[in-house]
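Residue numbers (the numbering used here), protein chains in the order written: chain V, 92 to 287; chain G, 597 to 1088.
One should not assume that every hint holds.
As the list claims (entries may be wrong) - DEER-style ranges, computed between Cβ atoms:
hint, chain 1, residue 1, chain 2, residue 2, range
1, G, G1050, V, G187, 18 to 26 Å
2, G, H1022, V, G253, 12 to 20 Å
3, G, V850, V, S96, 54 to 62 Å
4, V, P240, G, N1072, 45 to 53 Å
5, V, G242, G, T882, 42 to 50 Å
6, G, L845, V, A120, 22 to 30 Å
7, G, M597, V, A120, 53 to 61 Å
8, V, G253, G, T882, 18 to 26 Å
9, G, G871, V, P240, 33 to 41 Å
10, G, A617, V, E167, 55 to 63 Å
11, G, G865, V, V116, 41 to 49 Å
12, G, K976, V, G253, 37 to 45 Å
Derived from the structure by calculation, the hints contain no laboratory data.
None of these values were measured; they are calculated from a predicted model.
Cβ coordinates follow ideal geometry from the N, Cα and C atoms, glycine included.
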Amino acid sequence: MSEPSPRTEPKPPRRNVLLWITGGVGAAAAAALGVPLAGFVAGALNAHPEIWVPLGPVSDFPLNETRLTTFLQPKELSQPWDGPAGKAGAYVRNLGKDAAGIEQFWVFAMNCTHLGCPVTWFPQSGLFMCPCHGGVYYENGDHASGPPPRGLYKMPWRITHGVLEVQAPHLPTLQDTLEHPSKFVQLGLIDRKTTT
Amino acid sequence: MKRTLQALGNWFNSRLRVKEAVMPMLEHPIPKGAAGPKGWWYVFGSASMTLLFLQIATGIGLALVYVPSADQAYASLEYLNQKQPLGWFLRSIHYWSGSGMVVMVVIHMTQVFLHGAYKYPRELTWLFGVGLLLITLGMAFSGQVLRWDADAYWGVSVGAAMAGRVPVAGPSLVEMVIGGPTIGASTLSRFFAMHVFVLPGLLLALLGAHLWLVLTRGISEPPVPGKKVDPKTYDAEYHEELKKGEPFLGDAMVKDALFSSLVVLVVVGLAAYFGPKGPHGYPDPTLIGANPRPDWPFLWLFGLLSLCPPGLETFVMLVFPILLVIGLIAVPFISNRGERAPSRRPIAVLLVLVGGTTIAVLTYAGMTAPWSPVMDAWSKDPVPVNIVKRSTPLELQGAAVFQNKNCRNCHALEGVGGRRGPDLTHVGVRLTKPQLIDQVSNGTPGGGNMPAYGKHVGPAEMEALAAFLVSLRPANHPAAKEALDPNARPRP
């Protein structure tokens, strides 16, 4: 096991130049590899296009009844092999026409605002209940009891040619709800126009 | 024959030089006490490692069949359970051995803590151990996600909701965790890459460092009351101790091997008896009725988050775990010297007792989850016959209202039903009719535990419901009376 160790002699000055060059080329190689790699990993943070998904003709939604409506996430926000996880749901309630004669709806995401568990609608008592920590909401989405810090997340909706459409939702969380432009837009990190 | 084998071995060894490299490691001296009967305290680390190797072997086996794709994962798990010969057994061993690994790592750490083995000069051994504990828990969580069922889906949703509370960076963190705007294919792939490549790589690297320190700094001698650690003299004392020591390859290794074999037998036995865990519900977020629960290593956190006051919640989610880890890291720096015997370290013993009891109680709370409404109690659990045997028609009508308005989801009758609100079997003794109507109509004053039902219970229904609730008292017990103070409004 006792190999002779290499002799150390004073190095000629050109070795230092080689060292500097190696350092520079090495840094360039690291950057050439690292920057795209970091970009790949951060790819999940890309802006998501604003897409509207049809839920069905307005006449499909009976007046003053809350219904769980399911739909497929649009392909821009999903992957072809999402399987069952590519489905999404919303609680829709047709409120009828307002004073101006315009149809009004409540559209809520299924995620509890406490920790994201799925809430269930109980028409008999007019409550949404969460199975995880017991968050309860009234039929208008307001917080009724339990730990949730706010009411249910409201999904933006519109009616196009008599069809109720919702904006395809991301996973809503307390700082990134569905109601207003995302935090990225608010912080000016993403230009709202490029996302539409 | 023996001579031929020996010659063959020598031929290889003269080229590979393995013996010279490995034998000194196996024969490294350990303190005499650690090779004696007290050596049984030292078997938990090697048992954790044995289970890790079991995880690697069964994990590779599972990877031969499991498809880490959101549309196929569930089907491939069912295929493993139902069709693949012994696929269920492999899944089962992977689950039970993984659970066993968490248990062993925690026991190993507790033993090291109680025996003060983390003190000088083994601070880094402890630090790497803390890293190994965290990665083991990371493996447990990412493994739970790979069991791509409803629990996995909603487990990620809960994790994302917690990450989403981080100030400013929350939304970006959520998207990094789930790999895009929604939980789906990228989420599963991310957790697969973590579970199969990133975390095991880190785990093995840290384990290497941990074992390197076990070899270079040696294992601690069994603690003796009164024998204090002093960094100035410890190295010399330990050196003397090793002179009287015994090689690891001997009694100590036999103890390790025997205990590890027993642990493997227990794991395989549990796996054969209980079978694999899940997959339970289909990972379809639109299927209501999901009742998400984390795997057992995280039930204490589920319990803690449910029981802590709302104002403390974000702190408990985001800051408390960091404080716990900092606390673990700080252990060998706070107490680096002095007594090692548990009999002389009451604070250490107390910490283990309080910490262990807390985790156990929170885990039990997480298992029973009395704070969760029983979502199907209103339609599943009938009103006990005892209660309505002598009821008037109005009271019977009230019992129907009670069930139909989902009251049962949170209120038990004779112990059956939800436990979020109080059991109402004898509520007629506690509250008068006006108080009951007030409570049902307006809920808990100030927006507490009970929602207001005023808009959803009509006058006739309310009359019947109140009659039913007032009738809920033991035989011959008078109904509650209004307190003299008109402002008094007792809680149910």
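Right, here's what the structure says about each hint:
1. G/G1050 <-> V/G187: 18 to 26 Å: Because 22 Å falls inside the window, the suggested range holds.
2. G/H1022 <-> V/G253: 12 to 20 Å: Taking Cβ atoms as reference, G/H1022 and V/G253 lie about 55 Å apart, which means the hint is violated.
3. G/V850 <-> V/S96: 54 to 62 Å: Distance hint for G/V850, V/S96 is violated at roughly 40 Å.
4. V/P240 <-> G/N1072: 45 to 53 Å: Since the Cβ atoms of V/P240 and G/N1072 sit about 47 Å apart, the hinted range of 45 to 53 Å holds.
5. V/G242 <-> G/T882: 42 to 50 Å: Distance hint for V/G242, G/T882 is violated at roughly 21 Å.
6. G/L845 <-> V/A120: 22 to 30 Å: violated, 45 Å
7. G/M597 <-> V/A120: 53 to 61 Å: holds, 55 Å
8. V/G253 <-> G/T882: 18 to 26 Å: holds, 24 Å
9. G/G871 <-> V/P240: 33 to 41 Å: This hint holds: roughly 40 Å between Cβ atoms.
10. G/A617 <-> V/E167: 55 to 63 Å: With a Cβ separation near 57 Å, G/A617 and V/E167 satisfy 55 to 63 Å, so the hint holds.
11. G/G865 <-> V/V116: 41 to 49 Å: Once the Cβ atoms are compared, 58 Å apart, the range 41 to 49 Å for V/V116 and G/G865 is violated.
12. G/K976 <-> V/G253: 37 to 45 Å: holds, 40 Å
Hint check: violations occur at hints 2, 3, 5, 6, 11; the rest are consistent with the structure.
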